[in-house]
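*Asks:* Given next are the chains, with one letter for each unit.
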Amino acid sequence: MKAGKLFGAALFGLLFGFLLQKGGVAKFNVLIGALLLDDWTVVKVMMSAILVGMLGVFTLHWLGKVNLHINPTRIGANIVGGLIFGVGFALLAYCPGTGAAALGQGNWDAILGMLGLIAGSYLYAELSGWLTRTVETWGNKGKLMLPELFHLRRAPFIAGFAVFLILLLGVLKAFPR
Amino acid sequence: MLPQIAWAAAPAGTDPRAYSGPVWSPYIAGAGIGLLSWLTFYFSDKAIGASSFYASLAGLIGKVVAPRHTASLKYYRDNPPKLDWAIVFIAFTIAGSFLAAWTGGEITNQWLHPMWVARFGDSVALRAVVGFVGGILMAFGARLAGGCTSGHGISGTLQLSVGSWIAITSMFAGGIVSALLMWRV
Numbered sequence: 001m002k003a004g005k006l007f008g009a010a011l012f013g014l015l016f017g018f019l020l021q022k023g024g025v026a027k028f029n030v031l032i033g034a035l036l037l038d039d040w041t042v043v044k045v046m047m048s049a050i051l052v053g054m055l056g057v058f059t060l061h062w063l064g065k066v067n068l069h070i071n072p073t074r075i076g077a078n079i080v081g082g083l084i085f086g087v088g089f090a091l092l093a094y095c096p097g098t099g100a101a102a103l104g105q106g107n108w109d110a111i112l113g114m115l116g117l118i119a120g121s122y123l124y125a126e127l128s129g130w131l132t133r134t135v136e137t138w139g140n141k142g143k144l145m146l147p148e149l150f151h152l153r154r155a156p157f158i159a160g161f162a163v164f165l166i167l168l169l170g171v172l173k174a175f176p177r
Numbered sequence: 178m179l180p181q182i183a184w185a186a187a188p189a190g191t192d193p194r195a196y197s198g199p200v201w202s203p204y205i206a207g208a209g210i211g212l213l214s215w216l217t218f219y220f221s222d223k224a225i226g227a228s229s230f231y232a233s234l235a236g237l238i239g240k241v242v243a244p245r246h247t248a249s250l251k252y253y254r255d256n257p258p259k260l261d262w263a264i265v266f267i268a269f270t271i272a273g274s275f276l277a278a279w280t281g282g283e284i285t286n287q288w289l290h291p292m293w294v295a296r297f298g299d300s301v302a303l304r305a306v307v308g309f310v311g312g313i314l315m316a317f318g319a320r321l322a323g324g325c326t327s328g329h330g331i332s333g334t335l336q337l338s339v340g341s342w343i344a345i346t347s348m349f350a351g352g353i354v355s356a357l358l359m360w361r362v
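Read top to bottom, the protein sequences are chains A and B. Residue numbers 1 to 177, in this note's numbering, belong to the letters of the first sequence in order. Residue numbers 178 to 362, in this note's numbering, belong to the letters of the second sequence in order.
A couple of the hints might just be wrong.
Unchecked claim - List of simulated lysine-lysine pairs, BS3-like, C-alpha gap at most 25 Å:
{"#": "1", "chain 1": "B", "residue 1": "Lys251", "chain 2": "A", "residue 2": "Lys143"}
{"#": "2", "chain 1": "A", "residue 1": "Lys65", "chain 2": "A", "residue 2": "Lys2"}
{"#": "3", "chain 1": "B", "residue 1": "Lys259", "chain 2": "B", "residue 2": "Lys240"}
{"#": "4", "chain 1": "B", "residue 1": "Lys259", "chain 2": "A", "residue 2": "Lys5"}
Hints are computed from structural coordinates only; laboratory data are not their basis.
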């Protein structure tokens, strides 16, 4: 890896961890609270990130300054993988990114989760040949985006979606946590 | 002010809201992460993600322990394990969180959260097993789904990927049902 790339990864990783912790989402109770529908901090952080990120990344893409990095839509794998992920999320209470942040703030139980994440990654690799021939072929739609799904042009869809997210954040503001 | 959704009264000591709140507004922190994604796209040609850190680490360990077997696996043929951007990114996420907690006086230095102790007792071994199994399921699910709560939940959703919106909805559906069963039954 080139020095510039390495420096970028280090600096941006540092900022990511800093923001996660300051936003409160490195905390055990905040993450479990999200899954118990008691604490909306996680949703507030995510929706704010999506709103700001969407507007900037698509503007930069429109200007020809960045590439998009869209994961393919595989409906079967997205649902089955997502549900399995969710069970694991409830058991550990930290997700892969917030687990790293939880460790950084001194939640030592995150270490066991991170070891599990390494083991689970290898387990997936063991079965990856079979999974790519089966589950990952179910409902394979390629790089499908929401505007195409609704047969709308990208710019007006983004404008409308931004308004929706702002309204959603306004509703979330009524929840103290 | 709207009431909080309450499925059942929280058993003693397990109310997740019993804390003083995040240091920064979650809207500010979230907007900051959105801004950060502009930077990773522009300067690194990368989307923010976390789960590939663990997949790359697992591959690097596999390469040392069982090099021929690891090289034979489809996932590692397609994604040869190496010291990549994701590994450095998440390694520094740990450091960034430490800096934030340190400057905010929020270093916890604890194995078990009081909420966990109130519900499941003070056995570190139990927490270790549950956390380890949780980690295994989460990584397996993330690889199958094609990303985690960062890669799909932030980066994919902000790029309006249909699969990312399906994945993050499924993640929370699985997580909410499991958490309610663990904590509120």
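*Asks:* Now tell me if each hint is right for this structure.
*Replies:* Do the hints match the structure? See the list:
1. B/Lys251 / A/Lys143: OK: B/Lys251 and A/Lys143 at ~21 Å, within 25 Å.
2. A/Lys65 / A/Lys2: Within the cut-off at roughly 21 Å; holds.
3. B/Lys259 / B/Lys240: 10 Å, holds
4. B/Lys259 / A/Lys5: 14 Å, holds
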